[in-house]
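Asks: Counting along the sequence shown from 1, when you hit position 136 you're at 136 in the numbering used here, and nothing is skipped either side.
Just so you know, the hints here were simulated from the structure itself, not pulled from any lab data. The reader is advised that the hints may include incorrect statements.
Derived lysine-lysine pairs resembling DSS-like cross-links, with alpha carbons at most 25 Å apart [as the list claims (entries may be wrong)]: (1) Lys182 to Lys240; (2) Lys402 to Lys375; (3) Lys375 to Lys345; (4) Lys287 to Lys229; (5) Lys182 to Lys292; (6) Lys182 to Lys130; (7) Lys172 to Lys241; (8) Lys327 to Lys281; (9) Lys495 to Lys402; (10) Lys495 to Lys555; (11) Lys327 to Lys172; (12) Lys378 to Lys327.
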Amino acid sequence: MKNKIVKYAMMSILFLMAIFTIQEVKAEEYTGEAIWPSEYINNIYINKVKPNGSINYKQARFIRRSEDNAFVYCLQPYVDIDNNLPYYTVIREDYARILGLTEAQWERISLLAYYGYQYNENGYNHSSHKWYAVTQVMIWRTTNPESDFYFTNGLNGSKVNTYDSEIAEIEKLISNNYKAPKFDNVDVLPIGSSVTLNDANNILSQYTITGTSNVEASISGNQLKIKAKGIGNGTITLQKKSTKYEIPPVVYTSNHSQNVIRVGNYDPVYSKVTIKVIGGKVTTEKKDSETKENIPQGEATLAGAVYGIYKEDATRVGSVTTNSEGKITSNYLPSLGKFYLLEEKASEGYLLDTTKYYFEITESNLNPTVQVYEKVIKLDFEFTKVYASDKTGIMTPEVGVKFGIYNNKNELVKEVTTDSQGVFKFTLPYGTYTVKQLTSTAGHEKADDFKIEVKQVGDTVKKVISNAPVKAKLRVVKIDSETGEIIKRSGIKFKIFDVKNNKYVCQTVTYPNNATYCEFETDENGEFTTPYPLITGTYRLEEIDQKIDGYLWNKESHEFTIDEYSNLRTDSEYGIIFLLSFAFKLLRKGEIMLKTENYYEKSFTDLAKLYYDKFQIPFPIS
Numbered sequence: 001m002k003n004k005i006v007k008y009a010m011m012s013i014l015f016l017m018a019i020f021t022i023q024e025v026k027a028e029e030y031t032g033e034a035i036w037p038s039e040y041i042n043n044i045y046i047n048k049v050k051p052n053g054s055i056n057y058k059q060a061r062f063i064r065r066s067e068d069n070a071f072v073y074c075l076q077p078y079v080d081i082d083n084n085l086p087y088y089t090v091i092r093e094d095y096a097r098i099l100g101l102t103e104a105q106w107e108r109i110s111l112l113a114y115y116g117y118q119y120n121e122n123g124y125n126h127s128s129h130k131w132y133a134v135t136q137v138m139i140w141r142t143t144n145p146e147s148d149f150y151f152t153n154g155l156n157g158s159k160v161n162t163y164d165s166e167i168a169e170i171e172k173l174i175s176n177n178y179k180a181p182k183f184d185n186v187d188v189l190p191i192g193s194s195v196t197l198n199d200a201n202n203i204l205s206q207y208t209i210t211g212t213s214n215v216e217a218s219i220s221g222n223q224l225k226i227k228a229k230g231i232g233n234g235t236i237t238l239q240k241k242s243t244k245y246e247i248p249p250v251v252y253t254s255n256h257s258q259n260v261i262r263v264g265n266y267d268p269v270y271s272k273v274t275i276k277v278i279g280g281k282v283t284t285e286k287k288d289s290e291t292k293e294n295i296p297q298g299e300a301t302l303a304g305a306v307y308g309i310y311k312e313d314a315t316r317v318g319s320v321t322t323n324s325e326g327k328i329t330s331n332y333l334p335s336l337g338k339f340y341l342l343e344e345k346a347s348e349g350y351l352l353d354t355t356k357y358y359f360e361i362t363e364s365n366l367n368p369t370v371q372v373y374e375k376v377i378k379l380d381f382e383f384t385k386v387y388a389s390d391k392t393g394i395m396t397p398e399v400g401v402k403f404g405i406y407n408n409k410n411e412l413v414k415e416v417t418t419d420s421q422g423v424f425k426f427t428l429p430y431g432t433y434t435v436k437q438l439t440s441t442a443g444h445e446k447a448d449d450f451k452i453e454v455k456q457v458g459d460t461v462k463k464v465i466s467n468a469p470v471k472a473k474l475r476v477v478k479i480d481s482e483t484g485e486i487i488k489r490s491g492i493k494f495k496i497f498d499v500k501n502n503k504y505v506c507q508t509v510t511y512p513n514n515a516t517y518c519e520f521e522t523d524e525n526g527e528f529t530t531p532y533p534l535i536t537g538t539y540r541l542e543e544i545d546q547k548i549d550g551y552l553w554n555k556e557s558h559e560f561t562i563d564e565y566s567n568l569r570t571d572s573e574y575g576i577i578f579l580l581s582f583a584f585k586l587l588r589k590g591e592i593m594l595k596t597e598n599y600y601e602k603s604f605t606d607l608a609k610l611y612y613d614k615f616q617i618p619f620p621i622s
């Protein structure tokens, strides 16, 4: 009794400390009638020996809860149960502190209760009443390790080892409760790959997966299936959680009777599987295919090229876009293995490269670097430099003059010199440039600066550069459309229409008299030459509506162009001329020209049948 008073005093002190130093424990008031000793268990006897040698012997018997007859276990082997009074407090948490036990003691007690009497899972059958007695003795050995508790062959009889195998079985179950699944030593898993692990302890089926990181995982029987999804430490959290009972253990405490425990689910057991997930990245280094450097030519850029990343089977798994240095590193690739880079969009100023650049990601080479190349857009130029004499207008190649090619920053990128034909050739990469004449032939001005562009590949660009606009007098000669012979007939009138300026050409002369000509007539030789040159441009020669003895009027205009590509001739009298032949069609025998309402028509007819009162034949027919 003295010992119990001391123990109660200690518990009271602990209770007061809990009030002032530890968060308040939620406790309930017991609403049942009582907790009391119940039926005896046949032929099972127990001795309880205190450290001082005093012995308490008894026949094993159940302790039950009155309201539902559920069994409970005694936690105080030397405290009697008061059958007449109910318990006052129900504890559902913080058990160890309330009971004055260590956490290890409490955890073992809860597991003994769980795996002891009525544990019938995983091939075990603890239904026999003996399992209650065995469990109770093991609980006492845990709460009071300084005492000795054993089975006897009768009331206060001799010690026996009859239930040693049952005790060992429960101990094994408790030991296995903490046993974690054991898997093959797989420390590294490439991203995207899968592995199936077998549990050597054969307990995986008791666990569930409660969390993963960088992996996907599932349990199938005794196998753990894992797929690597993200780079880094892949973790799988496994939990073994009992479900036999609806609630955790319940402890009933009283200051007038012994403390008891009702079995419940034990605290979850956790295990963690860790695998390092490795993956690869590819670094792309783009270079100019001609210079083999990561410096772009002209106004081209290495930035903005898009490369698709493909598996060997042509499955696209990602892409990269180059920066201004032509470099970029991909995200982690989905697996180890062979891949290739394929350009999908060229950077500005470069041609799309159709080459497949293969590389391989391995555990020993997770970050390969791949050199890729692009061909810059280029264009060939062929220019001819000529100059014209102010007196003769003759175009002459200008030999030995220098031209400078300047980029958009006005930096000289190329200097060229004309050859014996006035020709200079060069090739430029992508960009916009200005061509400047740097030197010239004595007595001649330089050509104006002009811009050229290289935006796409194409044929050689050719151009004639002249100091002054090309101009020439127009000489028109009337010819027979069939014979090609000159029609020497004067007075045939023409107009010249300036297409660009949308007006007819008029020229004013001051000698021998002041006069302005907008119509030009052939002389006795069937030709005329304009008084002044026509400047570079496109024109239409139009014959004025008129009658020409023996010929049809040519109502179709004739378009011509005067420029550096025209076939210009030098005339000793008129200088530079542009010769244009204008064809007339001769009327054949039996073909007459009729005039109705001021319009001339031709018609084949029998002259004898003509009615001269309706038509006039304005000229003889030969």
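Asks: All hints are to be evaluated individually against the structure, with a verdict given for each.
Replies: Evaluation of the provided hints:
{"no.": "1", "hint": "Lys182 to Lys240", "verdict": "holds, 14 Å"}
{"no.": "2", "hint": "Lys402 to Lys375", "verdict": "violated, 29 Å"}
{"no.": "3", "hint": "Lys375 to Lys345", "verdict": "holds, 13 Å"}
{"no.": "4", "hint": "Lys287 to Lys229", "verdict": "violated, 33 Å"}
{"no.": "5", "hint": "Lys182 to Lys292", "verdict": "violated, 55 Å"}
{"no.": "6", "hint": "Lys182 to Lys130", "verdict": "violated, 34 Å"}
{"no.": "7", "hint": "Lys172 to Lys241", "verdict": "holds, 18 Å"}
{"no.": "8", "hint": "Lys327 to Lys281", "verdict": "holds, 13 Å"}
{"no.": "9", "hint": "Lys495 to Lys402", "verdict": "violated, 43 Å"}
{"no.": "10", "hint": "Lys495 to Lys555", "verdict": "holds, 12 Å"}
{"no.": "11", "hint": "Lys327 to Lys172", "verdict": "violated, 62 Å"}
{"no.": "12", "hint": "Lys378 to Lys327", "verdict": "holds, 23 Å"}
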